[in-house]
Each structure stands twice: as C-alpha cells, then as structure tokens.
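*Asks:* Heads up: the protein sequence lines correspond to chains A and B, in order. Plus 2 on top of the position in the first sequence (first one is 1) and you've got my numbering. With my numbering, the residue at position 84 of the second sequence is 72, and numbering never jumps.
Just so you know, these hints were derived from the structure itself, not from any lab. Some hints could be false.
Cut-off 27 Å, straight-line C-alpha distance, at most; resulting in silico cross-link-like pairs (DSS-like, lysine-lysine) [to be verified]:
#1 K105(B) - K56(A)
#2 K42(A) - K56(A)
#3 K57(A) - K104(A)
#4 K42(A) - K57(A)
#5 K86(A) - K42(A)
#6 K105(B) - K57(A)
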Amino acid sequence: MPSIVKEENKRLRTSLVDGTRRHLLDVDDFTRDEIDLVSKTSDAMLEVLARDIKKVPTLRGKVIVTLFYEASTRTRVSFEEAGKLLSADVINVSSSGSSVEKGESLLNTVRTLQATGADLVVVRHQHSGAPYFMARNLESMGVINGGDGWHAHPTQALLDVYTMRRHLGPIGGRKIVIVGDILHSRVARSNLWALTTEGANVVLCAPPTLIPQEFLSGQHRVDEHPLSTVEIETNVEMALDGADVVMPLRLQLERQESGLLPTLREYSKMYGITRERLDLASKDALLLHPGPMNEGVEISPDVAHGSQSLIEEQVRNGVAVRMALLYLLVGATKREETKAEIQ
Amino acid sequence: MNFLSSHKLQHPYRFLGKDFFMRETPVFSDKDMDRAVSRIAHEIVERNHGVEGLMLAGIWTRGAPLAHRLAGRILSIEGKEVPVGVLDIGLYRDDIGRSSRPMVHSTEMPEVVDGQKLVLVDDVLFTGRTIRAALDALIDFGRPRQVQLAVLVDRGHRELPIRADYVGKNMPTSTKEEVQVRLLEVDGIDEVVLLREGA
C-alpha cells in the first residue's frame, strides 16, 4: 500500500525544495538537494537553540498535534520542543486517555484532528503504513511519520545523517556500520535510504536471524545511487574494520522470546560494541545510537558515554532537524499551487 | 490553472540571472556605489561622534557584504574596527505560508548587543517589512541603546512607518518596476539596475 503514495510522490515530484511536499512519510523519495536543504535549515535552527532566548515567532498561529500510539520519549519530546520554540501550539495525544481507548478508528481520529483545524500531525503507530493511510485521507493537514511499525522513521534518519555531516563533512564514500536487529528496525530502514542517497557505503551487521532474508544473498548495489554500496556482514569484527561511523541499534528485548536469539548474553558477547571492538574502527570513528539504549547489551557503558559518543548530540540535533522540518513543511507550503499542480 | 499567471509566478524567462522580458536600466555604476558607501560611512561616524559602542548588522543576503564594506571604510576613516554581524530574517517574516519560502541562514551577532548603537544595513528599502522583521530578530538578542538604518537604495512604497537614517540613493519607482542591487561578493559585479516589464 505505501508504494501507491511513493509512486504518486514520484509522479508529482513533490519536494521540500520548491515547497510542494506536504507530508514526510519516509526518506526513500528524498533527493540529495532535499537532504541538503534540511541540513542547512537545521544549521540555522541550531543557532536558535544556542541563544539565550531560544524562541522565534515563525509558526505563530499554527497547530501541531503529536499522535502517539506507541511509547516514545525523544521523538515526542523533541517534536514538542521544536514546535514550541517555533511558536506553534503543540497538542499531545496518546492512545491511552483518548477516544482511541473507546475504539475510535485511526481514520476517524485523524479526521477529527483535521476538523479541529490542526495544520500538521506527527504520528507514531505500531502498524507499518499507518501514516500513508492517513496522508491519503487528509485534505488540509500534513503528516509526519514519527515511526511506523518496522517500516520507517524518517526524522531519525535525517538527524543521523545531519549529525554525521556535521562531523565528517560530506559522507559520500564513508563506511557506516549499523549493528543489531536490522530485521525489526525502522531506524535501519530509513537510514539505509538516506545514507545511500548521500552516497555512503553502508554495512549491515547482525546475526543471520535478524537480517531480512532477501538481504542475505550477498552484496547489494543500490540501483539509483551507483556510487553507494550496501554490504551484509555477520561477523562484527570484520564489519567494524575501518568504519567511520558505528551505529548499534537497540536490541528489542520484547523480540527475544520469539526464538531469533539463543540468549541475551550470547548476543551481547557476539555483537555488543565494546571498547576493544570500537578500536577496530578507524581512529576517531563516530558512535551513534538512535536510543533508547540497553547499556551492557548492544553497547557497553564506557563506550556509550565515551569521547567518541555523539548520542547526546544526536538528541540536540534532533530538535534542530525537527524544527527545520516543521518550518519546511508547515511554514511555507504553497498549498494553492500544490493543488493546482495535482489538477 | 491560468497559463499566463502560472508563468508569471515562476519566472521561466529568467536565465543566467537575467530576465529577458524585463528591460534593464543602469542606475549606479561600481564607482557610484563606492562613493555612496563612502559617504554613508562618513555620515555614520559623524552622526555617532565616532565609533564608540557602534555595531553594524547586515541583513542577509546583500546587506551582509555591504555592512562589511562600511566597516572597512569606517576603519580607514577612524582607524578603529567596528564589529559586524549578520541577521537572517527568514524566521521572522510575516508572510510565511503565503509566498515562496526563502532559505533560512544562520544569524551571527559578534557581541552582546545590549547598550550598543546598532546600524542595520540592507541593500534596498521598499515596503519596510524586511526591516520590521529585522527589528524583531534583533530584539531577541538583547536591547540595543539605539537602532539606525542604512540602505543603499530607497525606492519608496512603504507599507509600514519605517524610514532610513542613511540613504545611498533615493529612487522614486513605480510598483511595476524592480530595483536590483548586484554586489561583487554575491553576483560578481557591482551595480544597481532598474528593471521594467516589456522589451
């Protein structure tokens, strides 16, 4: 189902650059220019964050709703903070305590939000594709995907790329290693799109049971971005060799019982990022983690809080990137022209 | 969708920085511009009795190089450096969501603005809305003792009660015309031209 919207996006060539993109559903249809624009706008937003009075009047009178059907700390908080620093009014709705508990359907919930006059909704949902479904059924309200099922988490990918670019400059040709539960990770999927668009060489490293079956057939070349490669490597030492960026993923403990892992201890021993393993990567390699961390499982505490760790900076950059996205999506959508283009 | 109006919006005839359906009349040469900047620098020093507590803030894009030129000229007149900042007003516009979106850049203010005499610098003064936004942006950084305004060209048609303290050239225009200031640092040439519709 999501592919319908993807195709539609391609046909209409919606873009942040010319203000025709209204929804942020995934980064799979993002161009390099759009990632550039997000990064440059985020630079300006970081400067706002560094001020004594960190508030600008940009989105006065706009209403942003965060609609979270799943637990979240950093995504929800950073969207709320981003909206408030831009002077928008932010309303938080979570599934518990709302009419969702009474059995209201997703469609009716978002139509209600639209009817209240909200300009944008940030949604996190346990089912892949839910934000696409919403975007297809809304006329005036924009949708940002704050994570849907196993499918996508575009704002996380954009903030990860932004954090890497701030430290490395252009990331084309850099070796970026993502270690952990690739199978269930929407962060890994969205990062894969964004990183290959930027021309990076991505290595996915996990136990074979936690890698999607279709990936296991060997080296992949991403057709649309011939300079970028994606490799699969099940040996963590081999994967880390010479890496510029190391990104362990949270081991989703709730999946542990499904038989994909023998024991937590064995996973930690085989794939946990420790000081010794991080030293296999290139000197001054960057360490990112999308959070929340299981310290002592996929990452050891000394590394997580060590000098190479950018984990806290990621959170700060996350606020700036989300401010940039809110500005680019709400602040300047040329709605009439967008409509005219569709007709 | 109306064919003509859509084309008007998107300026399809703009090519190599030129609009082939607009007639260009030169107004200022590079020498004229140099003299105007020089005169404004002298006026700023004269009005403020020197450069004590003085700061310049150029408005992105073309106000920034102009502010640096003024600072250079003031240095050669008074022998003292004047701090220069750059203000981006993208986040303070009053037409967000109504017109095309400008790229947002970082604002850089070099020092504390509290208690300073601050001169805003821009290339063209037109409706005054940019200056309104710049004042808002400035006030988020502190409370300057005084704010003055220097522009290279004042073309009239104000929509807000704003006037400039230092003007390079007063240029009465019609609303159908467009004034373009081109600077070496941004456009590769120093000149001011008047653009009029029709070949």
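*Asks:* Now, for every hint given, state plainly whether the structure supports it.
*Replies:* Structure-based check of each hint:
1. K105(B) - K56(A): At roughly 23 Å apart (the allowed maximum being 27 Å), K56(A) and K105(B) satisfy the hint.
2. K42(A) - K56(A): holds (18 Å)
3. K57(A) - K104(A): violated (37 Å)
4. K42(A) - K57(A): With a Cα-Cα distance of about 19 Å, the restraint between K42(A) and K57(A) holds, given a limit of 27 Å.
5. K86(A) - K42(A): Roughly 21 Å between the alpha carbons, so the hint for K86(A) and K42(A) holds.
6. K105(B) - K57(A): holds (24 Å)
Hint 3 alone, counting from the list given before, is not met by this structure.
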